[in-house]
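Colleague: When you get a sec, could you build the whole thing from the sequences and use the hints?
2 protein chains.
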Amino acid sequence: MNYIKAFAPATVANVACGFDIFGFALDEPGDIVELRKRDEPGIIIKDIIGDEGRLPREPERNAVSVVMLKFLEHIGSTQGVEVTLHKNMPLGSGMGSSSASSVVGIFAINELLGRPLTQRELLPFAMEGERIACGAAHADNVGPSLLGGFVVIRSYSPLDVFKVKVPDELYCTLVHPDVEVNTKDARYILRNEVSLKNTISQMGNVAGLIAGLMQEDYDLVSRSMVDVIIEPVRSILIPEFDHVKQAALDSGALGCSISGAGPSMFALSRGRDTAERVAKTMSEAFGSVGITTKSYVSQINQQGPKVLETA
Amino acid sequence: MNYIKAFAPATVANVACGFDIFGFALDEPGDIVELRKRDEPGIIIKDIIGDEGRLPREPERNAVSVVMLKFLEHIGSTQGVEVTLHKNMPLGSGMGSSSASSVVGIFAINELLGRPLTQRELLPFAMEGERIACGAAHADNVGPSLLGGFVVIRSYSPLDVFKVKVPDELYCTLVHPDVEVNTKDARYILRNEVSLKNTISQMGNVAGLIAGLMQEDYDLVSRSMVDVIIEPVRSILIPEFDHVKQAALDSGALGCSISGAGPSMFALSRGRDTAERVAKTMSEAFGSVGITTKSYVSQINQQGPKVLETA
Numbered sequence: 001m002n003y004i005k006a007f008a009p010a011t012v013a014n015v016a017c018g019f020d021i022f023g024f025a026l027d028e029p030g031d032i033v034e035l036r037k038r039d040e041p042g043i044i045i046k047d048i049i050g051d052e053g054r055l056p057r058e059p060e061r062n063a064v065s066v067v068m069l070k071f072l073e074h075i076g077s078t079q080g081v082e083v084t085l086h087k088n089m090p091l092g093s094g095m096g097s098s099s100a101s102s103v104v105g106i107f108a109i110n111e112l113l114g115r116p117l118t119q120r121e122l123l124p125f126a127m128e129g130e131r132i133a134c135g136a137a138h139a140d141n142v143g144p145s146l147l148g149g150f151v152v153i154r155s156y157s158p159l160d161v162f163k164v165k166v167p168d169e170l171y172c173t174l175v176h177p178d179v180e181v182n183t184k185d186a187r188y189i190l191r192n193e194v195s196l197k198n199t200i201s202q203m204g205n206v207a208g209l210i211a212g213l214m215q216e217d218y219d220l221v222s223r224s225m226v227d228v229i230i231e232p233v234r235s236i237l238i239p240e241f242d243h244v245k246q247a248a249l250d251s252g253a254l255g256c257s258i259s260g261a262g263p264s265m266f267a268l269s270r271g272r273d274t275a276e277r278v279a280k281t282m283s284e285a286f287g288s289v290g291i292t293t294k295s296y297v298s299q300i301n302q303q304g305p306k307v308l309e310t311a
Numbered sequence: 001m002n003y004i005k006a007f008a009p010a011t012v013a014n015v016a017c018g019f020d021i022f023g024f025a026l027d028e029p030g031d032i033v034e035l036r037k038r039d040e041p042g043i044i045i046k047d048i049i050g051d052e053g054r055l056p057r058e059p060e061r062n063a064v065s066v067v068m069l070k071f072l073e074h075i076g077s078t079q080g081v082e083v084t085l086h087k088n089m090p091l092g093s094g095m096g097s098s099s100a101s102s103v104v105g106i107f108a109i110n111e112l113l114g115r116p117l118t119q120r121e122l123l124p125f126a127m128e129g130e131r132i133a134c135g136a137a138h139a140d141n142v143g144p145s146l147l148g149g150f151v152v153i154r155s156y157s158p159l160d161v162f163k164v165k166v167p168d169e170l171y172c173t174l175v176h177p178d179v180e181v182n183t184k185d186a187r188y189i190l191r192n193e194v195s196l197k198n199t200i201s202q203m204g205n206v207a208g209l210i211a212g213l214m215q216e217d218y219d220l221v222s223r224s225m226v227d228v229i230i231e232p233v234r235s236i237l238i239p240e241f242d243h244v245k246q247a248a249l250d251s252g253a254l255g256c257s258i259s260g261a262g263p264s265m266f267a268l269s270r271g272r273d274t275a276e277r278v279a280k281t282m283s284e285a286f287g288s289v290g291i292t293t294k295s296y297v298s299q300i301n302q303q304g305p306k307v308l309e310t311a
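Chains as they are written, first to last, in UniProt numbering: chain C, 1 to 311; chain V, 1 to 311.
Certain hints may be false.
The list makes no distinction among identical chains, and a pair is therefore deemed to hold if it is satisfied within one copy or across any two copies.
[Claimed, not checked] Here are the simulated BS3-like pairs of lysine-lysine, each with C-alpha atoms no more than 30 Å apart in a straight line:
1) LYS70 with LYS197
2) LYS306 with LYS165
3) LYS306 with LYS37
4) LYS70 with LYS280
5) LYS280 with LYS294
6) LYS5 with LYS294
7) LYS37 with LYS197
These are calculated hints, taken from the structure and not from any lab test. Just so you know, these numbers come straight off a predicted model, no measurement behind them.
Modeller: Listed below in structure tokens is the structure:
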């Protein structure tokens, strides 16, 4: 194989109650990378399309390529690669944009070189890309983007990640308002201490969401999509948050919260029709104050990254 | 029916990571109550056996009978009842002693009067008994004692309780050392604030324990039986805690922690043989410093309270 074109999905992290531990993958949008082997060693970023020139072109500073550098060093390869990245989602959007780049990069190079590592073994590399992009090696976006499905990060040290089965009729509505929140800022405003009372509430909702998903109990999923710790703080960074959330719930969503660090918001619904209706009313709610949006409706993507083309 | 004799099981609350939200029921020990209808109104405690005279004999101050007073008031009955309570577990033991009394009391009176309320409707009454006995209306012991199985209290306000399926081969070892911890003290020493980092760790373990139980993944159950919030504080009240816990793990237990507020300790194991071996080594570890113990090995009791005899 001399050429590969691959895709990795956007993701919703936190999922209301599961700050830093829950995330799931979407069918769309997602980043696409094209890799072509070079005769000389070294990684070159040939082009990045769709980032409005905002991402670094130096291989060691871009999430898509830094993971490849680490990977090549790990397997002791001097293979040279030319990279073209198609950014299909906005930066700093709360949709796991940098994670999709890290994952598509590490997935594609592993495939291009004959799959020396398993998918799970790629996770620490993808997390390293996340560290370059946002300062901390979180796994709640790269985990689901790489592994597909609904992913739980039980522990970071040692890294312990598992998947949870979700109901077939579960659909996600993701709405991106055209305002930007810096992930580092969104983390900065969080308090370092949580009341024991709120910790207990959040634990109850975490248990309820996992059990609700696994038991296909949509009502329990709905009751458990409550975040008493992060959402009350971060939602102040998102204009019209309360209004948009209420619109989603009024349209039949099981629950609605911030996607990752925001400003994107997500809702879960039973059935595609409801999820489409929720997308419409959430977008209208943002639109009522003049904020334009882009929305996506998708099942939970069970596959993760995929090969689109090889040569 | 003029007479009923009923049983309600001891319970393990908290279950390592699930402070105030997790609990499960045991096959033994458990409290037994005998109720006999009286011709005159009013509740009389005729006898309490096994409490060494330490429990109050006034009906409005004892967990077993205060729940009956609330129940009779609720259904508008003036039925008189004579109560005999057999306490089959030590007080302040962390085995849900007061909860077993509340549950057996409310269960028995409901049966005696022709079951005017469903089992679930009895829960708030049993919680009221818990308030009398230990100052707060917790549900992590009365919930499993009344409903059987592994119970999650997702929320206290509104009360939202659900059950989680557990693997068939899951066995509990419960070891009661002959030292006493007052539940009010055990709660008093807890900090009111938790670091966000520890909250995230605990949430990961809560998710892991629920998924591990439901997926019958014993290894995930084992990895998730970690409590970074409560156990480090409360374990200092239990002599030889670290030593006893290590003995349990060395003997093959999946995990080991404090049962409720202690001083009893519990372990979960795969299979009865392992659970029996764990009971032996935990008891020996307490015994090495001259502390006598009583131990119980049991599957998770799925039934909750039961009628033993009627007339």
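Colleague: Each hint should be assessed against the structure and marked as holding or not.
Modeller: Results of checking the hints against the structure:
For a Cα distance limit of 30 Å, the shortest separation of LYS70 from LYS197 across copies, 28 Å, qualifies, whereas the shortest one inside one copy, 42 Å, does not. Proximity of LYS306 and LYS165 under a CA criterion of 30 Å is satisfied intra-copy only: 20 Å inside one chain copy versus 35 Å between copies. For the identical chains of this complex, LYS306 and LYS37 are intra-copy neighbours only, at 19 Å inside a copy versus 71 Å across copies, given an alpha-carbon limit of 30 Å. In this assembly of identical chains, the alpha carbons of LYS70 and LYS280 never lie at most 30 Å apart, being 42 Å within a copy and 50 Å across copies at closest.
For the identical chains of this complex, LYS280 and LYS294 are intra-copy neighbours only, at 10 Å inside a copy versus 62 Å across copies, given an alpha-carbon limit of 30 Å. Taking the shortest alpha-carbon separations for LYS5 and LYS294, only the intra-copy value of 25 Å comes in at or below 30 Å, while the best inter-copy value is 65 Å. Neither within a single protomer nor between protomers do LYS37 and LYS197 lie at most 30 Å apart by alpha-carbon distance, with minima of 55 Å and 42 Å respectively.
The structure does not agree with the numbered hints 4 and 7 stated previously, though it agrees with the rest.
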